[in-house]
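Undergrad: The residues making up each chain are set out below.
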Amino acid sequence: MDSVRTKDKIVRIVIHVILIVMSIIMIVPFLWMALTAFKTVQESTSITPFVIFPSEWKFENFVEVWENYNFLILYKNTLLMIFFRVLCAVLTATMAGYAFGRLRFPGKNFLFSLVLIQMMVPPQIFLLPQYLMVSKMGMLNTTFALVFPGLVSAFGTYLLKTSFQGLPKDLEEAAAIDGCNIGQRFLLIMAPLTRSGMVSLGIFTAVFAFKDLMWPMIACTSIETTSLSAALAKMQGQFAANYPQLMAAALMACIPMIVIYLIFQKQFVEGIATSGGKL
Amino acid sequence: MKWLEQEKKKLTGLSRKAKLEYVWQYYKLWLIGGAALILFGIYFGFHLVNANRDTHLYVGFVNTYADVGNDSDFWKNYVEYSQTDIDEENVIFDKEMYFDMTQGDVRGNHYYEKLVVLIDSKTLDAVVTETENLRSLGANGRLLDLNNERADRFMEKYEDRIITAAVDQEDGTTREVPIGIDISDSILMTEEDAYVGGCAIGISSHAEHLDAVLEFLDYILQE
Numbered sequence: 687m688d689s690v691r692t693k694d695k696i697v698r699i700v701i702h703v704i705l706i707v708m709s710i711i712m713i714v715p716f717l718w719m720a721l722t723a724f725k726t727v728q729e730s731t732s733i734t735p736f737v738i739f740p741s742e743w744k745f746e747n748f749v750e751v752w753e754n755y756n757f758l759i760l761y762k763n764t765l766l767m768i769f770f771r772v773l774c775a776v777l778t779a780t781m782a783g784y785a786f787g788r789l790r791f792p793g794k795n796f797l798f799s800l801v802l803i804q805m806m807v808p809p810q811i812f813l814l815p816q817y818l819m820v821s822k823m824g825m826l827n828t829t830f831a832l833v834f835p836g837l838v839s840a841f842g843t844y845l846l847k848t849s850f851q852g853l854p855k856d857l858e859e860a861a862a863i864d865g866c867n868i869g870q871r872f873l874l875i876m877a878p879l880t881r882s883g884m885v886s887l888g889i890f891t892a893v894f895a896f897k898d899l900m901w902p903m904i905a906c907t908s909i910e911t912t913s914l915s916a917a918l919a920k921m922q923g924q925f926a927a928n929y930p931q932l933m934a935a936a937l938m939a940c941i942p943m944i945v946i947y948l949i950f951q952k953q954f955v956e957g958i959a960t961s962g963g964k965l
Numbered sequence: 342m343k344w345l346e347q348e349k350k351k352l353t354g355l356s357r358k359a360k361l362e363y364v365w366q367y368y369k370l371w372l373i374g375g376a377a378l379i380l381f382g383i384y385f386g387f388h389l390v391n392a393n394r395d396t397h398l399y400v401g402f403v404n405t406y407a408d409v410g411n412d413s414d415f416w417k418n419y420v421e422y423s424q425t426d427i428d429e430e431n432v433i434f435d436k437e438m439y440f441d442m443t444q445g446d447v448r449g450n451h452y453y454e455k456l457v458v459l460i461d462s463k464t465l466d467a468v469v470t471e472t473e474n475l476r477s478l479g480a481n482g483r484l485l486d487l488n489n490e491r492a493d494r495f496m497e498k499y500e501d502r503i504i505t506a507a508v509d510q511e512d513g514t515t516r517e518v519p520i521g522i523d524i525s526d527s528i529l530m531t532e533e534d535a536y537v538g539g540c541a542i543g544i545s546s547h548a549e550h551l552d553a554v555l556e557f558l559d560y561i562l563q564e
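Chains as they are written, first to last, in the numbering used here: chain A, 687 to 965; chain B, 342 to 564.
Bound conformation, chain A alone:
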């Protein structure tokens, strides 16, 4: 009995050691970024001796970055992009998911296969047509341009279709008997039941919108209209040798996502568990 307990203990210790090592590996880049943000340029590039903690905490790095780049505008642009991408993706994917999951209409399988194809090709394929569309509309360097690729979501349609298919038919039939038309059945009965799917989609869309670098870099070249990720890429050019300022900017850029995560922590965990995806 004792040997079994000892074995269990050893296994547990080994698992914990592995998990702690993995956690350290994951957290070290973030810590390095945070510490570098407070260093001087010399300390940030010094190898011998390797400087872990700054000798003097330089808050000026944050002030200078804040003054050189209007971070309030960048926060506003990024939050607007996330908000509208989530709103549009959830709205359109819910409606499309309901149509594909619950309704019968000619060409349904063909149309759904078109949606699936979008998930199977590299996203770079869509860059050129999307850029041309936004450019021809005269909407480059606008919030609309930032939101544009997120107006619809093939992944979201697939996710919500699965959610709608998982709901019992009886609910919809009962609502139909009670006199609900198709819009009411969708809006009042079925859509609220797929809330967890919508939350998952919202979280995925928010995280991917925040991380999106390629599109804002192409469609919004002006610093006044671009997102945090693209502005950071610009700063990489400007502060190529000034790692502390670059890291200060990166740390400041993390704030919206950390705040969103803290507010929606429970939904984040549920969302990942529901969809089985990873961020």
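Some clues are possibly wrong.
Stated by the list, open to error - Straight-line distance between alpha carbons at most 30 Å, and here's what the computed BS3-like set of lysine-lysine pairs gives:
no.: 1; chain 1: A; residue 1: 920; chain 2: B; residue 2: 417
no.: 2; chain 1: A; residue 1: 762; chain 2: A; residue 2: 897
no.: 3; chain 1: B; residue 1: 369; chain 2: B; residue 2: 349
no.: 4; chain 1: A; residue 1: 822; chain 2: B; residue 2: 417
no.: 5; chain 1: B; residue 1: 463; chain 2: A; residue 2: 920
no.: 6; chain 1: B; residue 1: 349; chain 2: A; residue 2: 855
Calculated directly from the structure, the hints in this document are not laboratory data.
With the hints as your guide, set chain B onto chain A.
TA: Only chain B this time, still in chain A's reference frame:
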């Protein structure tokens, strides 16, 4: 219309507040959606009318940390030199491009993909980078063959500065094709310190503003 009459009938006799409450209770989604659509229409229309300016010139500067982007002195001097009215036309000097094609495959590099999109969408007119990087870019067909009749003026004027690249042919051989113009003695090097060891300019294969590119060359190569 029957529905409208029914709703009107329901509202008759109700106080103003009760009417508003009723409409909000039953039609709030429609109201919110309608208001959002109207706001979007105004926003879209405003940008459609105001933001759709023509481009006078779009130049990409690859691998430079010098201050040659939009709103730099270099940019302002060019705008003044070309007498471009920037309320009417855009002049874009885009320096957010970093890739080195001499070091191997750059597919997957966001900056390179951005350049490809800008070239293929006929947005980018010219690209400035280190000479060898430009040769590699020209070798994969992204730059205008200066033997092309569209580039006659460039060949005539800058014949002694031409840079070639080995471009693969359909029969498996390679052929030296003129794809760029050496600008190592330009103000980009002498005043702006934009590159180390020389640079060159290539014209995008789909460039639409060749006159402006020629003017830009005159500007950077002026005495």
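Undergrad: Given the hinted pair residue 369/B and residue 349/B, is their alpha-carbon gap at most 30 Å?
TA: Holds - the C-alpha atoms of residue 349/B and residue 369/B are around 17 Å apart, at most 30 Å.
Undergrad: Does the structure keep residue 822/A and residue 417/B at a Cα separation of 30 Å or less?
TA: holds, 27 Å
Undergrad: Holds or violated: residue 463/B and residue 920/A, Cα atoms, limit 30 Å.
TA: holds, 23 Å
Undergrad: Are the Cα atoms of residue 920/A and residue 417/B separated by 30 Å or less?
TA: holds, 20 Å
Undergrad: Could you grab the alpha-carbon distance between residue 762/A and residue 897/A and see if it respects the 30 Å cut-off?
TA: Holds - the C-alpha atoms of residue 897/A and residue 762/A are around 15 Å apart, at most 30 Å.
Undergrad: Please work out if residue 349/B and residue 855/A have their alpha carbons no farther apart than 30 Å.
TA: violated, 36 Å
Against the hints set out earlier in the document, a violation occurs for number 6 only.
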